[in-house]
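Could you slot chain B onto chain A? The hints should help.
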Amino acid sequence: NAGVTQTPKFQVLKTGQSMTLQCAQDMNHEYMSWYRQDPGMGLRLIHYSVGAGITDQGEVPNGYNVSRSTTEDFPLRLLSAAPSQTSVYFCASRKGQGDGYTFGSGTRLTVV
Amino acid sequence: AQTVTQSQPEMSVQEAETVTLSCTYDTSESDYYLFWYKQPPSRQMILVIRQEAYKQQNATENRFSVNFQKAAKSFSLKISDSQLGDAAMYFCAYRGFTGTASKLTFGTGTRLQVTL
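Top line first, the protein sequences correspond to chains A and B.
Just so you know, this note's numbering puts 31 at position 31 of the first sequence, and the rest follows in order with no gaps.
Just so you know, this note's numbering puts 70 at position 70 of the second sequence, and the rest follows in order with no gaps.
Isolated chain A (complex conformation) (with noise of 0.2 Å):
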């Protein structure tokens, strides 16, 4: 049972780059997030996922973009990277209402 996988751990993309952070969760987990982490802010969503094909927007969704195919991916897409962008970006999971999310191990992100 390996939890919530990301990947990478880490990336350093150039300015209007293009890519995929990966999420993947073996635990039949219904809900899924994406998060991320600056300097003296605490962790923003970005974007949410409470099933299968079912997607919605966070607190700080503009210039990302997310889908779930399946219940155990959730792919975080950077269309046009930006240096405020540069993030550690977290995925989490849960299974019911009265569960914690499980997190990831985070992927640091440098737009330069």
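If you are wondering where the hints come from, they were derived from the structure by calculation, not from laboratory data.
From the three backbone atoms N, C-alpha and C, an ideal C-beta is built for every residue, glycine too.
Check the hints yourself; a few may be wrong.
What the hints assert, rightly or not - Listed next, the in silico DSBU-like pairs over lysine-lysine satisfying Cα-Cα at most 35 Å (straight line): (1) B:Lys73 x B:Lys103; (2) A:Lys95 x B:Lys103; (3) A:Lys95 x B:Lys78; (4) B:Lys70 x A:Lys95; (5) B:Lys55 x B:Lys78; (6) B:Lys103 x B:Lys78; (7) B:Lys103 x A:Lys14; (8) B:Lys78 x A:Lys9; (9) B:Lys103 x A:Lys9; (10) B:Lys55 x A:Lys95.
Claimed, not checked - Listing some non-contacts, in silico: residues in chain A with all C-beta distances to chain B over 10 Å: (11) Pro8; (12) Val12; (13) Gly16; (14) Gln17; (15) Met27; (16) Asn28; (17) Ala52; (18) Asn62; (19) Tyr64; (20) Ser69; (21) Asp73; (22) Arg77; (23) Ala92; (24) Gln97; (25) Ser105.
What follows is chain B alone, placed relative to chain A:
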């Protein structure tokens, strides 16, 4: 909108002593969940403890316990018998029951140092 406030950017505690980290929140919902997460230097977010708002009894997990004051919208974390491995960032988080059920709202964190 819900907000979570952690007013202590940094705290320090001696090994084997007890420390309390503060958290307040603002919500108009009557039912919700509250969490404390630990983030060590490894960057991994680890769930420490959770509390259901409809339960009056304070949650405990080994050396970790909370003081949940619903009327005051306060949710503090007490760490007893502090250990060097407790050194980390601690985040308080809120999650609602219905409309905000999928969203965790985090505070800005408290950095805990543990000294010998």
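Check on A:Tyr64 being off the interface with chain B, judged by Cβ distance over 10 Å: Check passes; 16 Å lies beyond 10 Å.
Consistency of the no-contact label for A:Arg77, given chain B and a CB cut of 10 Å: holds, 20 Å
Pair hint B:Lys103 and A:Lys14, alpha-carbon separation not exceeding 35 Å: Holds. B:Lys103 to A:Lys14 sits at ~31 Å (cutoff 35 Å).
Restraint check for B:Lys103 with B:Lys78, where alpha carbons must lie at most 35 Å apart: holds, 25 Å
Separation of A:Met27 from chain B, once the least beta-carbon distance is taken, above 10 Å: Per Cβ check, A:Met27 is outside 10 Å of chain B; nearest 14 Å; holds.
Given as non-interface: A:Pro8, partner chain B, CB spacing beyond 10 Å: It holds; A:Pro8 is separated from chain B by about 14 Å at its closest Cβ, greater than 10 Å.
Holds or violated: B:Lys55 to B:Lys78, with C-alpha atoms at most 35 Å apart: holds, 18 Å
Restraint status (C-alpha distance of B:Lys70 to A:Lys95 at most 35 Å): Holds, at about 26 Å.
Beyond 10 Å from every chain B Cβ - status for A:Ala92: violated, 8 Å
Separation of A:Ala52 from chain B, once the least beta-carbon distance is taken, above 10 Å: At roughly 15 Å from the nearest Cβ of chain B, A:Ala52 sits farther out than 10 Å, so the non-interface label holds.
Hinted pair A:Lys95 and B:Lys78, Cα distance within 35 Å: holds, 27 Å
Distal placement of A:Gln97 relative to chain B, Cβ over 10 Å: violated, 7 Å
The structure is inconsistent with the numbered hints 23, 24, 25, although it conforms to all the rest.
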